[in-house]
Amino acid sequence: LPLGADTTKIKVAQAKEAIFAGADEIDMVADLAAIIEGNTKYLQSQMRTVLKVCRSMRPAVVLKVIIESAALNHDQKIFACQIAQEVGVDFIKTSTGMNPAGGATIE
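If you count the sequence shown from 1, position 6 lands on 11 in the working numbering, and the numbers rise without skipping.
If you are wondering where the hints come from, they were derived from the structure by calculation, not from laboratory data.
All C-beta atoms, glycine included, are put in the ideal place defined by N, C-alpha and C.
You may find that some hints are simply not true.
Stated by the list, open to error - With beta-carbon atoms standing in for the labels, derived distance ranges: (1) Gly43 x Thr99: 27 to 35 Å; (2) His79 x Gly27: 23 to 31 Å; (3) Ala26 x Met103: 29 to 37 Å; (4) Thr99 x Arg60: 17 to 25 Å; (5) Lys14 x Thr110: 28 to 36 Å; (6) Ala18 x Asn44: 31 to 39 Å; (7) Asn78 x Leu6: 29 to 37 Å; (8) Phe25 x Gln87: 25 to 33 Å; (9) Gly108 x Ile41: 16 to 24 Å; (10) Ala10 x Arg63: 16 to 24 Å.
To be verified - Using 25 Å as the maximum straight-line C-alpha spacing, the simulated SDA-like pairs for lysine to any residue come out as follows: (11) Lys21 x Ile83; (12) Lys14 x Asp80; (13) Lys69 x Ile83; (14) Lys82 x Thr101; (15) Lys16 x Gln49; (16) Lys82 x Glu22; (17) Lys46 x Leu77; (18) Lys82 x Arg63.
Could you build the full structure based on these sequences and the hints that come with them?
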């Protein structure tokens, strides 16, 4: 937190550990560098992989993707939200609240 810089393998392991401990919702921070770089394939792959883990559970586990909006410009926010929507995550959250730039704004 708040960069979302863990690898996909780590995010999957973290999600599984939380689920096996009883979590019915997972918060995953989208990779900030990948958003800024416009790395569509990486973001899609990472979100889909974690979503697959969540959906494989019975009952299915909710996946919430957090974009660190305080560190992103308007176009980057739209880009990240579009990818999360295309992948089919359950919720998009605006901030971890831990970024030095602050949290989400009204914009």
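### Query
Is the Cα-Cα distance between Lys69 and Ile83 25 Å or less?
holds, 16 Å
### Message
Please verify whether Lys21 and Ile83 have alpha carbons no more than 25 Å apart.
### Response
violated, 29 Å
### Task
Take a look at whether the Cβ-Cβ distance between Lys14 and Thr110 falls inside 28 to 36 Å.
Distance hint for Lys14, Thr110 holds at roughly 33 Å.
### Message
Assuming the hint says 29 to 37 Å, is it satisfied by the Cβ distance from Ala26 to Met103 or not?
### Response
Violated: the Cβ-Cβ distance is about 22 Å, outside 29 to 37 Å.
### Task
For the pair supplied as a hint, Lys82 and Thr101, confirm whether the alpha-carbon distance does not exceed 25 Å.
holds, 14 Å
### Task
With 25 to 33 Å as the target window, see if Phe25 and Gln87 comply at their CB atoms.
holds, 32 Å
#### Entry: Assessment of proposed distance window 27 to 35 Å (beta carbons of Gly43, Thr99)
The hint (27 to 35 Å, Cβ to Cβ) is violated, given that Gly43 and Thr99 are roughly 20 Å apart.
### Task
Could you say whether the range 16 to 24 Å given as a hint is met by the Cβ separation of Gly108 and Ile41?
holds, 18 Å
### Message
Holds or violated: the 29 to 37 Å window for the beta-carbon distance between Asn78 and Leu6?
### Response
violated, 21 Å
### 25 Å Cα cutoff - pair Lys46, Leu77
Holds, at roughly 19 Å.
### Query
Given the hint that Lys16 pairs with Gln49, does the C-alpha gap stay at or below 25 Å?
holds, 14 Å
### Query
Does 31 to 39 Å hold as the CB distance between Ala18 and Asn44, or does it fail?
For Ala18 and Asn44 the Cβ distance comes to about 22 Å; the hint is violated.
Violated hints, in rising order: 1, 2, 3, 6, 7, 10, 11, 12, 16, 18; the structure is consistent with all others.
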